[in-house]
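Enquirer: Protein chains in written order, with the working numbering: chain A, 1 to 111; chain B, 1 to 115.
One should not assume that every hint holds.
Said to hold, decoys possible - Residues on chain B that point at chain A, a partial pick, calculated with CB under 7 Å:
#, residue
1, P42
2, L45
3, F64
4, L90
5, R97
6, S98
7, P100
8, I102
9, T103
10, G107
11, P108
12, G109
Claimed, not checked - In the DSS-like style, the derived pairs of lysine-lysine whose C-alpha atoms are separated by at most 30 Å in a straight line are:
#, chain 1, residue 1, chain 2, residue 2
13, B, K41, A, K98
14, B, K9, A, K61
15, A, K98, A, K61
16, A, K68, A, K98
17, B, K40, A, K49
18, B, K41, B, K18
If you're looking for bench data, these hints aren't it; they were derived computationally from the structure. Each residue gets a CB set at the ideal place from its N, CA and C atoms; glycine is no exception.
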Amino acid sequence: AQSVTQPDIHITVSEGASLELRCNYSYGATPYLFWYVQSPGQGLQLLLKYFSGDTLVQGIKGFEAEFKRSQSSFNLRKPSVHWSDAAEYFCAMEYGNKLVFGAGTILRVKS
Amino acid sequence: DTEVTQTPKHLVMGMTNKKSLKCEQHMGHRAMYWYKQKAKKPPELMFVYSYEKLSINESVPSRFSPECPNSSLLNLHLHALQPEDSALYLCASSQERSGPTITQYFGPGTRLTVL
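Isolated chain A (complex conformation) (with noise of 0.2 Å):
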């Protein structure tokens, strides 16, 4: 069945170190991927997709992503973790003119 699994429930990192989260799709085609993030009784923002094309995409605040077809993957990066970041992310794929979400990652940043 297509779906979007994301591994880690919680990642904790420190102010300015490095992130990636993880995010690895069942789909049988090239899926349309996106990532969202939402603070804490807010909507979601679209950070960037991924349709085709260059497999690194870069986003708002200075995130990035990586499509990997081989590993069925498209990690979200960011080289420096500001505690702003501090949120639930959220990958998802376009299925059946549906998105269908993993199940999120909250990120804790830590001073």
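Mind docking chain B on chain A? Use the hints.
Expert: Leaving out everything else, chain B in the frame of chain A:
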């Protein structure tokens, strides 16, 4: 501008009340969505409107009634809700419903509490 607005921000209602949630976008998007999100969970799709017509109802109970009066506006009418319906209700819109145009932009949500 990728703004979707939702009102009210917070809503408390009793199980016998009737209330409505409102969502608005002025991006010219032709698809609009309602999601329900419980704490620590991803959003769950409830309804999809495409060109002002209901195209998907994810087996949502009839106590939730969506309405799309025009291409910019989406309402969710609530009646006889249960406490378990308490959640964050998110609205989203996209240019179209397929391919790259499915990129969805979300509103800030309405926090609903049913007493």
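Enquirer: Please flag the earlier hints that this structure goes against, numbers listed from lowest up.
Expert: Failing hint: just 3.
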